[in-house]
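Letter by letter, the sequence shown follows residues 2 to 584 in the working numbering.
Hint data in this document are derived by calculation from the structure and do not stem from the laboratory.
In this text the structure is predicted, and so the values were computed from the model without any measurement.
You may find that some hints are simply not true.
[Stated by the list, open to error] Simulated pairs of lysine-lysine, PhoX-like, Cα-Cα distance not exceeding 20 Å:
| # | residue 1 | residue 2 |
| --- | --- | --- |
| 1 | K527 | K414 |
| 2 | K252 | K43 |
| 3 | K461 | K476 |
| 4 | K43 | K527 |
| 5 | K252 | K414 |
| 6 | K252 | K462 |
| 7 | K113 | K18 |
| 8 | K278 | K235 |
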Amino acid sequence: MIRDDFRILLVDLSIRKAHIVDLPGRETYIGGSGLAAMLFEKYGDTAAPWDDPNQPLIFAIGPLTGYFPLMSKTVCGFLSPYHGQYAESHAGGRSALALRFADMDALVIVGKANVPCVLSVGSRHMEIKNAPFLWGKDVFTTGKMLRHMLPGSGHRSILRIGPAGENGCAYACINVDTYRHFGRLGSGSVMGSKNLKAIALVGDASFPLPEGKDYAKCFHEIYDQLTETSMMSKYHDLGTAGNVAALDGLKSLPWRNLQATSDPERIDGISGEKFAKDMLLRNTACSGCPVGCIHIGYLREKFMADNRYLYRQVAYDYEPIFALGSMLGFGDGFKVLGLMDAVEREGLDCMSSGVALAWATEAVEKGLITEAETLVPLAFGEAEGYKAAIRHLGAATNEFYRLLAQGTLVAAKRYQGEDFACVLGQEMAGYATGETFFVSESLSFRHSHLDSSAYSADQKKQEKDAGMIVSGFVKDEASRCVLTSVVGCLFARGVYTEDRLKAALASLGLQNVADNLAAAGEAIQKLRWRLRLRSGCDPMSSKIPKRYTEVVTWKGPIDTAYMEELRQAYATRLLELGREEGA
Numbered sequence: 002m003i004r005d006d007f008r009i010l011l012v013d014l015s016i017r018k019a020h021i022v023d024l025p026g027r028e029t030y031i032g033g034s035g036l037a038a039m040l041f042e043k044y045g046d047t048a049a050p051w052d053d054p055n056q057p058l059i060f061a062i063g064p065l066t067g068y069f070p071l072m073s074k075t076v077c078g079f080l081s082p083y084h085g086q087y088a089e090s091h092a093g094g095r096s097a098l099a100l101r102f103a104d105m106d107a108l109v110i111v112g113k114a115n116v117p118c119v120l121s122v123g124s125r126h127m128e129i130k131n132a133p134f135l136w137g138k139d140v141f142t143t144g145k146m147l148r149h150m151l152p153g154s155g156h157r158s159i160l161r162i163g164p165a166g167e168n169g170c171a172y173a174c175i176n177v178d179t180y181r182h183f184g185r186l187g188s189g190s191v192m193g194s195k196n197l198k199a200i201a202l203v204g205d206a207s208f209p210l211p212e213g214k215d216y217a218k219c220f221h222e223i224y225d226q227l228t229e230t231s232m233m234s235k236y237h238d239l240g241t242a243g244n245v246a247a248l249d250g251l252k253s254l255p256w257r258n259l260q261a262t263s264d265p266e267r268i269d270g271i272s273g274e275k276f277a278k279d280m281l282l283r284n285t286a287c288s289g290c291p292v293g294c295i296h297i298g299y300l301r302e303k304f305m306a307d308n309r310y311l312y313r314q315v316a317y318d319y320e321p322i323f324a325l326g327s328m329l330g331f332g333d334g335f336k337v338l339g340l341m342d343a344v345e346r347e348g349l350d351c352m353s354s355g356v357a358l359a360w361a362t363e364a365v366e367k368g369l370i371t372e373a374e375t376l377v378p379l380a381f382g383e384a385e386g387y388k389a390a391i392r393h394l395g396a397a398t399n400e401f402y403r404l405l406a407q408g409t410l411v412a413a414k415r416y417q418g419e420d421f422a423c424v425l426g427q428e429m430a431g432y433a434t435g436e437t438f439f440v441s442e443s444l445s446f447r448h449s450h451l452d453s454s455a456y457s458a459d460q461k462k463q464e465k466d467a468g469m470i471v472s473g474f475v476k477d478e479a480s481r482c483v484l485t486s487v488v489g490c491l492f493a494r495g496v497y498t499e500d501r502l503k504a505a506l507a508s509l510g511l512q513n514v515a516d517n518l519a520a521a522g523e524a525i526q527k528l529r530w531r532l533r534l535r536s537g538c539d540p541m542s543s544k545i546p547k548r549y550t551e552v553v554t555w556k557g558p559i560d561t562a563y564m565e566e567l568r569q570a571y572a573t574r575l576l577e578l579g580r581e582e583g584a
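Whole structure, please, built from the sequences with the hints as guidance.
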């Protein structure tokens, strides 16, 4: 299954045909992030709009997928409707192993179907089914219907969009196997623009494991590190939700649209400990992962008199608890689960949705907008108004929600309120830790906390040396490019050191890739930034809204002069990374 060349399935929805393409480049681009960028450079057009039918939607895995634990992510590459630039998003579930057992390194989808449709692909089939009856259906209803429509139960991964993706929301996500997502930056709307409601990846093939002792020895060393030590226990026990109370204690948890960074009176109701004690139903895991970091809570809501209750299962993590909990002023975990369920139903990114609604709530408080725009009352800590607003956001009901669905800053420019828009490249991630993270998030490739350890660095004392900090950003990102190209879960970065990755690759017969690992990471990093700059990114024009200058963390008030120095130094370095070869 591991070849010297990449095996790509190219599907054209316009003509309803597909063919296999074999491409060289594994030694330089590895797979995953690197392969997605390479494929976008080949098939994409950075000068055309994001919804041009010829723009590709790419799903790529890496050489270690299916062979080693926690190599369980798929990378989605696309031109983003949020900012019109090249972007990528990562998701787990069963998608990565389904692609591996379908004998593909990547799936590339171009064109636009003439009617809403569903794509099903495997190692021996490609089928496009017309499905106009699914258009307008929410994510959960769509999932139920697809499970009856499509073959491959037990071997398939189902990717689908909700109303938000159909209506062009700039942060519509792709739901993967109910509990995982390609979130942030609007991959769901790219699917919607192609009239593609869902994709079924059917892993209907098999492959032998490598012979000899090297592979078995390497596998067991890694597996034992993951399961017999405490390195991964926090992800299984409380999960990332364990960060909620810790960050509140550090005065780094955004509350009520970042008007505060701690709330001692409400934090206990949404802490990871509270979720585990009162709301946790079970743990589950992505395919190929022994850790089980996915925490499923139960939501019990009364829908009729005489004690008639509706019961649903909702996955929770740190970021949804921040975005739909503290950011909206909630101290009740059950209400937060209810909002997560509403966001999932519409196919929205939870982080962007929560931050956008937090801005709208403060805009209401300041009199910049009224119920004439929001259609429902919005107030911090009031769940029913937010549930209705989430439905309006997914449906793009009126001009206000259409603008808000294009990003908080788009609405803020129309209605004023840019100073308190919590946007750093896109709606913020849940770490109000200080200058280092604010700058990193405003400029990092994925605009989250996933391209560097800046959010962690802010929690320690550090020298205010902009050059040194920026060098750390760049080095950290290059090393993560390697891990997201093989393709591994970033939770396992402490286990998959460079030496272990080299040993794992060598055990599969990929010694040439192992020997070139560091150089490949830098090449992938540079290619991603070249694509980003070609598609319109200007790092020097990035802005950090005024609200971030008002934040007080455990270290005290934000040092605005240092933050600006750091921003300019990082922007300059990114321009160097994205410089065209030969320029």
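To see whether the hints hold, each was checked on the structure:
Only pairs whose Cα atoms come within 20 Å are accepted, and K527 paired with K414 is rejected, the gap being roughly 33 Å. Distance hint between K252 and K43 is unfulfilled; the C-alpha atoms sit about 46 Å from each other, more than 20 Å. Only pairs whose Cα atoms come within 20 Å are accepted, and K461 paired with K476 is accepted, the gap being roughly 19 Å. Restraint check: the Cα-Cα separation between K43 and K527 comes to about 16 Å, which is no more than 20 Å; the hinted pair holds.
With a C-alpha separation of about 29 Å, the suggested pair K252 and K414 falls outside the 20 Å cut-off, and the hint is violated. Simply put, K252 and K462 have alpha-carbon atoms about 15 Å apart, close enough for the 20 Å limit, and the pair holds. Distance hint between K113 and K18 is fulfilled; the C-alpha atoms sit about 12 Å from each other, no more than 20 Å. At roughly 15 Å between alpha-carbon atoms, K278 and K235 fall within 20 Å of each other, so this suggested pair holds.
Consistency with the previously given hints fails for numbers 1, 2, 5, ordered from lowest to highest.
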